[in-house]
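*Asks:* Protein chains in written order, with the working numbering: chain A, 1 to 178; chain B, 1 to 243; chain C, 1 to 257.
A hint or two may mislead.
[Unchecked claim] Example chain B residues on the side facing chain A (calculated, C-beta under 8 Å, incomplete):
#, residue
1, Leu32
2, Asp36
3, Lys57
4, Arg93
5, Arg116
6, Pro150
7, Arg152
8, Ile189
[Claimed, not checked] Okay, the calculated beta carbon distance ranges per label pair:
#, chain 1, residue 1, chain 2, residue 2, range
9, C, Val84, B, Pro60, 20 to 26 Å
10, C, Glu29, B, Leu126, 44 to 50 Å
11, B, Glu28, C, Val84, 44 to 50 Å
12, C, Gly171, B, Pro60, 53 to 59 Å
[To be verified] Result set (BS3-like, lysine-lysine): computed pairs, CA atoms no more than 27 Å apart in a straight line:
#, chain 1, residue 1, chain 2, residue 2
13, C, Lys193, B, Lys219
14, B, Lys205, C, Lys235
15, A, Lys53, A, Lys114
Just so you know, the hints here were simulated from the structure itself, not pulled from any lab data. Yeah, the Cβ is synthetic: ideal placement off N, Cα and C, and Gly gets one too.
Listed below are the residues making up each chain.
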Amino acid sequence: MLVFPGDFLGYAEEFICDDGVYSEEGKLYASKAGRVKIKNKVIKVETINEIPKISKGDIVLGEVIDTKNNFALVEIVRKKGFNRELTTYKTAVLHISNISTMYLKDINEGIRYKDIIVCEVIDDDLKLSTKKDELGVIKAKCGICGGELLLKGDKLRCKECGNTEKRKISKNYGKGVW
Amino acid sequence: MSEDIKLIVNGKRIDGRAFDELRNIRIEAGVLKNADGSCYLEMGRNKIMAAVYGPRKVQPRHLADPVKAIVRYRYNMAPFSVEERKRPGPDRRSVEISKVSREALESIIMTELFPRSSIDIFVEVLQADAGSRTACLNAASVALVDAGIPMRGIITSVAVAKVDGHIVLDPVKEEDNFGEADIPFAFFIRNGKIESIALLQMDGKLTKNELIEAVKLAKKGVMEIYKLQREAIMKKYIVEDVE
Amino acid sequence: MNIITDVRKDYILSKIRDGERVDGRAFDEFRKIEIETGVIEKAEGSALVKLGNTQVIVGVKMQVGEPFPDSPDKGIIITNAELVPLASPIFEPGPPDENSIELARVVDRGIRESEAIDLSKLCIEEGKKVWIIFIDIHALDDDGNLLDASAIAAISALLNTRVPAERFGVGEDFPLPVRNLPVAVTSMIIEDKILVDPSKDEKSVSNSFITITTDVDDNIVSIQKSGSYLLKEEKFYEVLDISIEKAREIRELLKEV
Chain A
1 MLVFPGDFLG YAEEFICDDG VYSEEGKLYA SKAGRVKIKN KVIKVETINE IPKISKGDIV
61 LGEVIDTKNN FALVEIVRKK GFNRELTTYK TAVLHISNIS TMYLKDINEG IRYKDIIVCE
121 VIDDDLKLST KKDELGVIKA KCGICGGELL LKGDKLRCKE CGNTEKRKIS KNYGKGVW
Chain B
1 MSEDIKLIVN GKRIDGRAFD ELRNIRIEAG VLKNADGSCY LEMGRNKIMA AVYGPRKVQP
61 RHLADPVKAI VRYRYNMAPF SVEERKRPGP DRRSVEISKV SREALESIIM TELFPRSSID
121 IFVEVLQADA GSRTACLNAA SVALVDAGIP MRGIITSVAV AKVDGHIVLD PVKEEDNFGE
181 ADIPFAFFIR NGKIESIALL QMDGKLTKNE LIEAVKLAKK GVMEIYKLQR EAIMKKYIVE
241 DVE
Chain C
1 MNIITDVRKD YILSKIRDGE RVDGRAFDEF RKIEIETGVI EKAEGSALVK LGNTQVIVGV
61 KMQVGEPFPD SPDKGIIITN AELVPLASPI FEPGPPDENS IELARVVDRG IRESEAIDLS
121 KLCIEEGKKV WIIFIDIHAL DDDGNLLDAS AIAAISALLN TRVPAERFGV GEDFPLPVRN
181 LPVAVTSMII EDKILVDPSK DEKSVSNSFI TITTDVDDNI VSIQKSGSYL LKEEKFYEVL
241 DISIEKAREI RELLKEV
């Protein structure tokens with residue numbers, strides 16, 4: 001069924017409201033245009049043009065904005081599959097134990113400040129993981145001179161000064177895809 | 001000057017319409033690539049382009065509200081939209097229109113769902129011919145729905161004027177300039193029913209009874225416009241079905 | 001939002017729910033209005049209005065200038081409002097913001113649409129020279145409802161205005177031809193109750209206002225719904241009746257000016 005914002009959908013005791021539905025004085029109305037979907041008494045309206053919401057299982061693109069001894073803070077900038085900006089600033093936590101399947105002695109062996117990384121969201125409190133092959137750093141700069149780091153075997157090598165660095169590298173490093 | 005012009009002849013208006021007749025309206029949703037939602041609308045000779053960006057990060061950051069999204073609305077007239085070139089940029093009239101239009105939409109947008117975000121609505125008047133603020137609000141409403149912004153219903157707007165002693169719907173420029181009163185309205189429509197008044201301004205001279213008649217006429221007008229707003233959005237879904 | 005104002009809001013709201021206002025007024029009661037005219041000698045007309053603790057001064061200055069092309073035989077009204085930082089901790093210096101623009105435009109509409117000034121008597125030479133009336137609203141103390149106070153001050157100042165014809169070498173001075181008395185009445189709507197002349201204290205609990213301006217014959221000359229809220233049609237008619245009645249009372253005060 002196609003609906004428009006404000007269309008009456010039923011009564012509060014019949015359904016549980018999800019996205020695109022709101023309840024007022026016991027009545028349920030659509031808050032978006034789109035298709036009504038009902039599953040296990042949960043009612044929602046699916047639109048063509050969804051607003052991105054970050055939740056468990058999402059793949060996101062972000063930038064490392066701070067590193068501590070055993071975790072990094074990541075500013076999430078985009079959700080995979082969406083062309084739209086996120087609704088606000090979202091900072092997530094990447095714990096050292098979630099960076100790689102291998103043991104890291106130092107967080108800087110996995111990621112560094114200002115790296116651009118692809119992560120999976122592993123719980124609704126915005127905890128991240130980069131363990132999978134396609135996850136991890138996809139773009140990084142040299143810690144010494146700031147030059148671009150290029151993929152060289154399983155390490156990264158600076159185009160300018162030749163310095164090599166270690167990272168949890170995504171299999172898509174340097175390809176511009178994620 | 002105004003005394004020379006006859007705005008009503010044989011029960012018909014200057015453009016041949018009946019008192020309760022709207023101008024032709026054309027609405028198309030999703031016409032811009034960059035915006036998250038957009039709408040092109042013609043109401044008579046008004047040509048309006050509306051775009052919605054967001055919910056997105058608030059710039060500048062200190063304007064962010066920790067409990068809800070802020071809504072911004074910019075009504076802007078293109079320099080070539082009127083007979084005499086309009087100086088670019090906001091004038092006092094545009095600032096006031098932007099304020100009351102924003103307030104109308106804010107009252108039905110579910111801003112509480114997006115703390116620290118902004119919802120930015122930009123409306124450009126490409127050609128103006130009386131009632132541009134109402135045409136802009138209608139376009140902005142459709143652009144908001146197109147952007148998937150949750151709303152309690154929709155805002156639909158129309159003006160009513162008093163012309164040569166008659167209350168008429170959706171005035172054109174001549175009726176606006178030489179009429180006795182102009183009353184822009186916007187209503188909150190939910191489930192196909194008018195719920196309440198979201199925007200109301202008036203200038204001119206009216207008795208209380210004339211004002212009540214104006215409300216009645218405006219309500220009739222917006223119900224017709226509401227159908228067109230709805231169709232413009234639904235068309236996108238029907239096209240999708242065919243594919 | 002600080003804790004004091006938060007707690008204060010609860011107090012104001014619970015009073016309103018009990019049918020009372022914090023300052024003891026009835027819901028449809030204005031604060032005390034005091035009008036003093038001629039307070040600025042350098043201005044062609046002026047008035048200081050106190051509405052409770054809200055204070056606003058309006059000065060009228062006049063100049064000779066060119067008419068607008070579409071009304072070559074009529075004088076011109078220009079209304080401006082400055083919400084100067086002296087009047088409230090939340091006013092900031094700088095160009096007028098949307099609130100001061102709205103205030104000025106609503107006051108202006110009341111005067112213009114009620115045809116309070118006979119502009120055809122302000123033509124000096126058709127198409128070339130007319131009188132321009134500058135109405136400048138200057139807030140001194142904002143304790144709520146600056147708008148109604150400004151509208152009262154504006155019409156009072158106009159009633160007090162003498163056209164400075166001698167100074168401009170275009171004849172003898174004469175009183176400004178004022179022929180109508182527009183009165184603006186602002187109400188705040190909260191939980192289905194209508195409070196006229198909201199104080200600053202009361203404005204902290206609601207952002208829902210409507211200003212209705214009427215003339216001597218009870219015609220409605222201007223309406224402005226202000227604030228993001230939804231107004232029920234029945235409520236609108238109720239406000240309309242209250243505004244017409246309150247305006248009549250205030251107009252009696254103006255007749256003494």
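*Asks:* Decide, hint by hint, whether the structure agrees.
*Replies:* Hints, verified against the model:
1. Leu32: violated, 12 Å
2. Asp36: Holds, because the Cβ-Cβ distance from Asp36/B to chain A comes to roughly 6 Å (cut-off 8 Å).
3. Lys57: Given a least distance of 6 Å, the restraint on Lys57/B holds.
4. Arg93: With Cβ-Cβ at 30 Å, over 8 Å, it is violated.
5. Arg116: With a closest approach of 4 Å, the Arg116/B hint holds.
6. Pro150: Holds - the Cβ of Pro150/B comes within 8 Å of chain A, reaching about 4 Å at its closest.
7. Arg152: With a minimum Cβ separation of about 6 Å from chain A (threshold 8 Å), the hint on Arg152/B holds.
8. Ile189: It holds, given that the least Cβ distance between Ile189/B and chain A is near 6 Å, below 8 Å.
9. Val84/C / Pro60/B: 20 to 26 Å: For Pro60/B against Val84/C, whose Cβ atoms are near 25 Å apart, the range 20 to 26 Å holds.
10. Glu29/C / Leu126/B: 44 to 50 Å: 49 Å Cβ-Cβ, so the 44 to 50 Å window holds.
11. Glu28/B / Val84/C: 44 to 50 Å: holds, 46 Å
12. Gly171/C / Pro60/B: 53 to 59 Å: holds, 55 Å
13. Lys193/C / Lys219/B: holds, 24 Å
14. Lys205/B / Lys235/C: holds, 21 Å
15. Lys53/A / Lys114/A: Holds: Lys53/A and Lys114/A sit about 24 Å apart, inside 27 Å.
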